[in-house]
Every structure is written in C-alpha cells, then in structure tokens.
Amino acid sequence: MAIVSAHCFGQQKNQSRRFQFHSINNFGLINGQADPALQIQTINGLQHKSWFGGIGLGLDYYRLRSIPLFVDVRKEFGKTKDRFFLFADAGTNFYWKRDKDAKQFYEEDKFKNGFYGEVGAGYKIKLNQKFSLISSLSFNYKKLIEKGRNYFYCDPMACPITSLPPPEEKIDYNLNRLVFKAGIEF
Amino acid sequence: MVKSTCKTNCMEKIFLSFKKIIVPALVAALFSGCVKDKITHTYQVRTPVYQVLSKFREQIKSMPASNIGSRGKMTVAGNYIFISELYKGIHVIDNSNPASPKNVSFINVPGNEDMSIVGNTLYADAYSDLVTFDITDPANAVAKNFAANVFPDHAIYYAGLYTSPDSINVVVDWIVHDTTVDYVPNQGGGIYFYPPGCPNCMTIAQNMNASTLPGAAGTNGSLSRFATVNNYLYTVSYSQLSSFDITNRLAPVYKTNFTVDWHVETIFPFKGRLFVGTNNGMYMYDAEASPSNPTPLGEFTHVRGCDPVVADDNYAYVTINDSSACLGFNNELQIINVQNFTNSFLVKSYQLTHPIGLSKDGNNLFICDGSDGLKIFNAADVNNLQLIKQIKDINAVDIITINGLAIVVATDGVYQYDYSDLNNIHPVSKL
Chain A
1 MAIVSAHCFG
11 QQKNQSRRFQ
21 FHSINNFGLI
31 NGQADPALQI
41 QTINGLQHKS
51 WFGGIGLGLD
61 YYRLRSIPLF
71 VDVRKEFGKT
81 KDRFFLFADA
91 GTNFYWKRDK
101 DAKQFYEEDK
111 FKNGFYGEVG
121 AGYKIKLNQK
131 FSLISSLSFN
141 YKKLIEKGRN
151 YFYCDPMACP
161 ITSLPPPEEK
171 IDYNLNRLVF
181 KAGIEF
Chain B
1 MVKSTCKTNC
11 MEKIFLSFKK
21 IIVPALVAAL
31 FSGCVKDKIT
41 HTYQVRTPVY
51 QVLSKFREQI
61 KSMPASNIGS
71 RGKMTVAGNY
81 IFISELYKGI
91 HVIDNSNPAS
101 PKNVSFINVP
111 GNEDMSIVGN
121 TLYADAYSDL
131 VTFDITDPAN
141 AVAKNFAANV
151 FPDHAIYYAG
161 LYTSPDSINV
171 VVDWIVHDTT
181 VDYVPNQGGG
191 IYFYPPGCPN
201 CMTIAQNMNA
211 STLPGAAGTN
221 GSLSRFATVN
231 NYLYTVSYSQ
241 LSSFDITNRL
251 APVYKTNFTV
261 DWHVETIFPF
271 KGRLFVGTNN
281 GMYMYDAEAS
291 PSNPTPLGEF
301 THVRGCDPVV
311 ADDNYAYVTI
321 NDSSACLGFN
331 NELQIINVQN
341 FTNSFLVKSY
351 QLTHPIGLSK
361 DGNNLFICDG
371 SDGLKIFNAA
381 DVNNLQLIKQ
391 IKDINAVDII
401 TINGLAIVVA
411 TDGVYQYDYS
421 DLNNIHPVSK
431 L
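Just so you know, the sequences run in chain order A and B. Using my numbering, you'd call the opening residue of the first sequence number 1 and step up by one each time. Using my numbering, you'd call the opening residue of the second sequence number 1 and step up by one each time.
No false leads were slipped in.
Here's a subset of chain A near chain B, in silico, CB distances under 8 Å, partners left out:
#, residue
1, G32
2, Q33
3, A34
4, A102
5, Q104
6, P167
7, E169
8, K170
9, I171
10, D172
11, N174
12, L175
13, N176
14, R177
15, L178
Dumping the calculated BS3-like pairs for lysine-lysine here, alpha-carbon to alpha-carbon at most 27 Å:
#, chain 1, residue 1, chain 2, residue 2
16, B, K36, A, K170
17, B, K36, A, K112
18, A, K147, A, K112
19, A, K100, B, K36
20, B, K389, B, K360
21, A, K103, B, K38
22, A, K170, B, K38
23, A, K103, B, K36
24, B, K36, A, K110
25, A, K170, A, K100
26, A, K147, B, K36
27, B, K389, B, K430
28, B, K144, B, K102
29, A, K49, A, K75
No wet-lab data here; the hints were simulated from the structure. Ideal Cβ positions, reconstructed from N, Cα and C, are used throughout, including at glycine.
Let the sequences and hints guide you as you build the complete structure.
Given below as structure tokens:
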C-alpha cells in the first residue's frame, strides 16, 4: 500500500508538471505597404512539453489602430535549451479610434471588427530557469471594415430628413504585413 | 558565485545570439515591399433611366391611393392634407375627420420636391417644370399647365439642351447596382458632392380659411420653399428667388429671379413680407410694394446651419440645426426682433436638441425637435419661453397648426394632436 501510495504521489507530482503557465510578451515592428508601425502583445497560456496554447491580446498601430484578440498555438523544436519554434495565431481585432485616422465617410462613419491572423517562426533563447528571450518573424494579416455614407451636400433641410439617406458604403481594409517581434517569455 | 555566473552566461547568450534576433528584423525590413495591402471601396452606382419629357408629362395625373413611402412636404388646404413623397408625387388625404384620416388618391408627379396651394390650384415642381393642377376635386387633380425649365437647378436631370418637350430626356428611374473598386484612403477625410436641387426640403402650406378651398390663399409654414402673397407665387432654389404672376391661377407667368445668397433653404410669407432663410442668415423682402420683384428690407446673419423661419408682427423665430447638409454646428432657436427690418437684432437664443420645423399660433410656439419630439412653448415673453408640453415619442420633423389641431410630420408617420385645450394636449390620430 505504501508503494502504491508513493507511486501515485509520484504520478501526481509528474501530472502537475505536465502543464505549466507561460507568459509571452512582445514588442513588434510591423512592416508593410504603409509606414512601419509598432505592435505590443501579451500571450498567456499553458505549455505542455513542446506545445504551447494561449490567448493573446495586443495593440496594433499599423494604418488603423486596433486591439487584436486571438488564440496562439506554438510548437518548439530541438532538444537543447535554445529552441526554434513555429507559431500560428487566429482571432479578431477591434478598431480603437484615434484622431490621426481620417474618417472616410462624412456621415455615420463606423468600424466593424475583422479577422486577425499570423503565422511565423522564431527562436527562443533560454536565459535562466525562468526567463527566455524570444524573437520571431511572421506574416500577419488584419482586416477591418469601415462603413458610412458619402454625403451629398444638398440644399438645406436636405437629406436625410424624410427621404431615403444615401446608401451605405464600405471600405474593406485587408492589411498584409511582415512583423518582427522580440520579447520575453517566462 | 552562482549569481555572477548566471549574469555572465546570460549576457554572453544575448550577445552571441544577437544575430538570431537581428536577422529576422532585417528580413522583415528588406521584404516588407513584397507584402501589399488590399483596400477596396464598395458603393452603389445609380444609372439613370430616361424618358422623353412629353411622355413624362402624360404620367402626371391622379391615380388610386397608395401607401405613403418616405414623407416629404405637407400642405393643408380645407379638409385635405397633401403629403409629398420625394421625387414620386403627392398623396391626398381626406382629413374631414381628423380622428380618422383617409388616403384617397395619389398625384403622380415624378421629380417632385415642393408644392403650394392657392384656392383650387396646386403648384408643384416636376424636375425643372412648374406644374399647375386644378384640385377642385382634390381626389382627382388635373394637370393644367406646364411651365418649362422654371427650376434650372433641377436641370441636372435633363440630358440635353431644352428645345421642346419631345427632345428633352428626363430621368424617370434609376438602375442601382453595387460596385467595388480599389481605394486609397483619403487623409483629408470623407468626400461629398454638391449637386443643385433640394431633394429633401419640406414645406407646409397652411390655408388660413380652413373651411373652403376656393379663393383662399395658402400660407406656407417653416420649411417651405414655395410661398404665395396675393397674386404671386415665390419659389426659392439653391441661391435664387423667383416670382410668378398667378393672377390667372392655372397659368402662372414667370416674372423674374434674383440671387439671395448661397444655400437658400426656406421662404416664409407674413403680411406681404418674405422671410428667406439661408445657411448664413435670414433675408427679408417686401412683396407688396413690388410683387414682381420683391425689394430687400434687411438681413440678419447667424451661425451656419439649416434655419427654417416663421414670423409674427414683431419677431422672427429661426431654428438652427447642425445637419451636415448645412455644415452647421449649433442646435438652437433664435428669436430676432424685426420691428425695424434694417436693424433687426437677436433677442435671445434657446438651446435645443435638433430643431427643424416650427409653427406659431398666437402665443404658442411649436418646435419639432428631432428625436426629442415636439415641444410646445408659451412665447408670450420671448425672453422667457415656458415649456407647456413635450411629446417625446415621435421624431418630429415639421408641423402645421390650424384651428387647435397640430399636424406633425414625423419620420414614421403623420400625427395629429388636439391642442385646443393647452392643459389637455392629446393625440387624435396617426397616419
């Protein structure tokens, strides 16, 4: 019975090491057709052997400021402490209004959130028992939709008092970027 | 010892691994030109459908009653309410019993924006034409006269130069489809256009002698762009005021036009004078001394905004709203002393939500305040308006008050309220 208990206790201790909480925090530089922009991310989740899965939240300043919210999955390769990894993210991003972003529609200008995704590869350098330095390069896609009405500057008392307003139009932003990230994992 | 070893090893690692960090950064920078954004703009394209003017005019006549779509102008004459549907025509409502109004017919007037009634005669625009109807039987209006090209602002709809009705094409319909094109975001913000015409202007003509149609002159309300004084019809377009001799009711004769200001909005007649509201101010003209060519009396400038106006013997009441069509920023009522037209001055402003149409009956001032509903004030003391009642559950746009009955055009229908007892203002009907 003691042997069984010790074995079970040992198994429980191993069980508790199977999933470990990790936090990955990055600064990124986004490069694309528009001006380079900054990105900040924090991804928190569980590591199990060479796999990691977590939830990420960030700030993305490319063209239109937005807040990505996504699921992150990573796979590490190699048996050394420093490892190569691949990762993929998928989620959505929410527009966060700022004065710098010029409205494209004179009336009822509003944004709809869109898909956010990323695939990339990186390298993880273990600094000590707890901290690792990570850097990565990825292809990143973010989508936002801007809707509104292009206003016809009519005579006074004009649209849209009683007649049908001008039809709603939309602008689809499909933004493709390369992102370099560096950060800390613990 | 362990600590310093770690510190040394950590720094070494960072230094030696620096290339593993810098290479991805360089790659991102070098290859950023290979990734492109795809930004598209989806909008509606409206292609006009044309018809020869002579054929188009044949369609302008009374037809069976139909559902009222988007509500435009409203005119009350006798026991009838005439409600326009923008660009389509005019619905005729028998309001003999205000508690149960009846939709009796529809006057098909393609391109219609405004109307006005004098006695048994209805004047309405049909694109650039001024059409004169005999409404002796309001349910069976008959087009009697077409004055061509009276509203040149609306000539945008003509495809060619005017020579005869058989050679002019008029837009009678639109084919609508969506299209998507590549788009470069405009750093200056949204774009908008400046076509002439007044697609959504509203008017109310109020017949002061409500019991009979014949011979009685209509009195237009706050949002009107047509006005009648004695034997003259006055219309305002984007920047012009035009006059028509309607001594022969069924054959208006164009007299003259002149420039008032840019972005003219409304015209309100009161005791032989014309109060013209524009984006920048209010202009006053004498239409009695010189009816064919009203003479200017004075003007009052105000902050930019849409501004319907009504007047009494001493004051003009102007609502100003921040509708983007008028590039305005204020929402208020301005009361202007007009006892001396050459020296009119602001008495007081009252902040409102989004005021549009208004009407005055005695000391009672009725203001349509958009989503804030209808507000009824005691205006005996213009320096101290007192709110009598606020009817909140309608999005009121314009109003006509007649014999204790308030007829309100709202975004979702036409409401009628009995205000004969100010302590018991209550709804009568909704159409």
